[in-house]
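So the chains spell out like this:
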Amino acid sequence: MGTTLLERELKRGSTELLILALLDERQRHGYDISRLIEERSGGAITFHTASLYPTLYRLEDRGLIEGRWVERAGQRRRRCYRLTAAGRKVLAEQRSVWDTFFIALNRVAQIRHA
Amino acid sequence: MPDFSARVRQTLAAGGRAIDDDIAEELGTHASAAYEAARADGLDHDDALRRVDGLIAAWLADADRLQRRPKRAAAIAAPPADSSAWAGLAHDVRYAMRLLRRQPAFAFIAVLTMALGIGATTTLFSITYGVLLRPLPWPDANRLVRLSESRQGRAPRIRGTITNATYNAWHDRHATVEEIGGWRNVFATAIVRNGAEPVRLQTAAVTPTLFTVLKAVPLRGRLFVDDDGKPGGRFPSRDLIVLSYGLWQEQFGGRDDAIASVVQVDGKPLTVVGVMPREFAFPDRETRAWTPWAISGVVGRDDNGRPYTSVQIFQAMARLRAGATPSQAAAEATARSRGAPDPGLAAVAMFGDNGPAEISAVPAIAMMTADVRPALLILLAAVGLLLVTATANVASLQLARAATRRREIAIRAAIGAGAGRLTRQLVVESSLVGIAGGMAGLACAAALHRALPSLLPADFPRVADVALDARVMAFAAFASLAASIACGLLPALHARRVNLVESLADDGSAPVGGGMRSPTARARMLIMVGQLAVSCVLHVGAALLSRSFVALLHADRGYDPTNVLTARIPLPATYSIERRRDLLETLSSRLRALPGVQEAAFGNALPLVSAGGFRALKMRPPANPAIEVDVNAIERVVSPGYFAALGIRLRAGRAFSDADTPTSPQVIVVNRSFAARYLEGGARLKGSRFEEGIGAVVPNLGMCRGDNDRWQVVGVVDDLRQGGVGEPDQPEVFIPFVQNGCANAVPQPFVLVRTAGDPLPYVAHLRSILRQEAPSLALDSVMTMEDRVTTSLAKPRLYAVVLAGFSVFALTIAGVGLFGVLSYSVAQRVREIGVRTALGARTADIVGLVLRQVAAIAAAGITIGLVASYAASRSLGTVLYGVGPHDVLTFVAVPLVLFVVAAVACLVPARRAAQVDPIRALR
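Protein sequences, first through last, are from chains A and B.
Counting from 3, one number per residue, gives the positions in the first sequence under this note's numbering.
Counting from 113, one number per residue, gives the positions in the second sequence under this note's numbering.
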């Protein structure tokens, strides 16, 4: 089933995969996520802030992530997202698809060089 | 710091977009974090605010997607409780009909499969029920028992009969039964009305008590009473007759004046005393009239006052008293029979032994159906398997549909359909298929029913009792419903496991390497394994029955049935011995003179029709003259050409010739069994030197040649099978027709004509010659010998054909099912196959992928099938001939056939897999 996502993500810059991967580490709020994507890709992935929240909401609707308001003393309340069990499964599947795909591409590329 | 939540809301509102407070707050926190980050980067308030405004502007551009879907809530109120079940059901039915209309191919295949399965099952059930279970059409028929007598375990020459010794002893005093009655079939030529053409009738000579046993009531007139049979004579019967309804309608137009009118039967005037009701058919539907018959005593004196011993064997039936069991009746009859006068040698002739009598009593219905019961039960089991296969096939189709309908099912679940509701929907869908299939199946069964009398062998018992009645309809309805529910529950079970979220996101393709990982695919694979196993069992059964039939067809019967025309010429009792001899010899010499005729002969016996007579005598075997042994043999009175006409092989000595005359020395020909058993002291059996028997003398054959008659053996011929090929060898004696001195030794001679080519064109010659020689006589039972053999094999052939039909049907279902499962699996694995191809897999590897799957399914199915066949084929043992139930060839050939079918079924899916384009598959 992960392959649908794969197709979509090839076109959309893998937003969903990146979000799921970040949330796999710990729960995060929206700003945190956008900042980390930019930081970790060293600017290689052009990230449209505009598409972050629609993507988050879609993932939430599909039950892959779960958002809730968190209040900390002395801070404004923030909406934090964490990965659900279903989200973890999809992430694992996507990772394996991507792995396979990269290995495949790699081999094809090497054959062409030879 | 500004209130960014308000700022977000205002900016979006200015752009004509309204968003939830919730989202505005979340975006607000993001904006303020961005503002703080900008300030931390060293930007001043205005620059930081500008950066945040740019962010908000970007959100505005995509504001459409900035919303969470509302949490699930029942959008439509649940239907009120009172209208729930039935209203919902009607809706389900409408919905299911719409779906079926949208997939006509699926609907057609599913309904057709069900129709064939249910049609076959219903037909076989109706036959099994009508033949084996439906009570016989007599009042309290479960109290009717058929009697058979045996001596020291030896059955009489005609199975299922008792002797007059037993009948008389028991009839005089009986406690466990209300009454006993006996009968024998008699073929007669009758002139029913003056001036009418003579007609051949099958009649039954019955004891007057038989009607009492059956509790039969006449439609007109009366039945026989006790005295009707008795007065005068050695085999007395008063000259009365009772007509069947059919004969009465045919010959008298149903008029009442038929009673007391006179009918000429075999030249004797009989007075009609009664007419039976239309439904009265005893012993079978072919019987058109009944005459009274008195059972004679074993010992008595004939009209001239000379003492005689007479043993008759005939069929008999008794009605148990209420509460009595068949075994009690058998015990009583056995005891009474042992107290009866000893029939002596006559019993040896009938039974081959004169030990103490043993009478068995079995329910009449069991006796009637004994020879078809095992086969019917086997076929019923087979058709049950077939129905299971057909059902499994429809279930598999439903599963495949359910898999592609996961989204629909998930949506229905999402909008509030409970598991029960979904199950009902799926069961309703398959019930529609089942009901349509059941109705079509009933139509098939009804069509088959009309054809049954022509499809079933003529001697199949109780064909008239097979009917499509309420019970059979109920069975068909039950079978359809059970099959539908079975078909619907499996997909419903899978539907309940559907994960809403995954299903909605899913496009139905399998994860890498997961072609068979989904529960649906696994279930379909298991169904395939089961279908192949069932096909295997049915194929093994069909192959064994077919091989057995072929073995029967080609079995050595001791004679050559090809190109022999046979017919019976019933001779009136009034013909003298000279007249008989003249007529038959003229007939055969005129037939021999016809071009193309190799031999024409006659005799009192014909294989598969009549054995001739039975003879018991005492003689001293040449090998050991000191002792006297009881000899029993079949006795055949034949013309010289009989052996050549029937193709009986002469092993030693000579056959009869025209040199054997009434006045020449009395000669006989015996068969190997006779020679081995009586002429060589039994020491040297088959294959020994038959010449030893030649020249031996057999005394006491009778044939009205006075006392101390002696007959010299001049030839030994091979044994021939009178009936089925499985029958044991019987000692036989052939006597020249001209040397028999009894006027009535050959009352109904058979004519045999061996021709060079097809014997059928000679029927016309035979008829015209008979018409010229004896205008008042009619030919009877005109058939080629080959046809007689084929007809005698009608049942084994029918069983083989029916089981073969079932197995082909099952294999077709399995093949098509396998094709469907594999195509589905390949379609699901297109991406995986694409990746593999991209990784360098060659076409052979991809095809191997599919082949491995088939091989696994086929191997599992066939292994299970072979094991089941091995166990089940033992039950075929009783109906097999010339092939063992564990025949190696069958058990090797059937798996091969199944593998070939499986290979053919996977050709197209494998090709499709090989043609997967990795670029398109991975896009």
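If you are wondering where the hints come from, they were derived from the structure by calculation, not from laboratory data.
These figures come from a predicted structure and were not determined experimentally.
The C-beta atom is built at its ideal place from N, Cα and C for all residues, glycine as well.
Don't take each hint at face value.
As the list claims (entries may be wrong) - To give an idea of the chain B side of the interface with chain A (calculated C-beta under 10 Å), a few residues:
| id | residue |
| --- | --- |
| 1 | Ile135 |
| 2 | Trp171 |
| 3 | Ala173 |
| 4 | Asp176 |
| 5 | Gln179 |
| 6 | Gly530 |
| 7 | Ala950 |
| 8 | Val1028 |
| 9 | Pro1030 |
| 10 | Leu1034 |
Said to hold, decoys possible - Computed spacing ranges between beta-carbons, pair by pair:
| id | chain 1 | residue 1 | chain 2 | residue 2 | range |
| --- | --- | --- | --- | --- | --- |
| 11 | A | Leu38 | B | Phe1011 | 31 to 41 Å |
| 12 | A | Trp71 | B | Phe220 | 34 to 44 Å |
| 13 | A | Lys91 | B | Phe587 | 44 to 54 Å |
| 14 | A | Phe104 | B | Phe220 | 23 to 33 Å |
| 15 | A | Lys91 | B | Asp133 | 48 to 58 Å |
| 16 | A | Gln77 | B | Asp133 | 17 to 27 Å |
| 17 | B | Ala149 | A | Phe104 | 25 to 35 Å |
Exercise. Among the hints numbered above, which are violated by the structure, and what are their numbers in rising order?
Worked result: 6, 8, 11, 12, 14, 15
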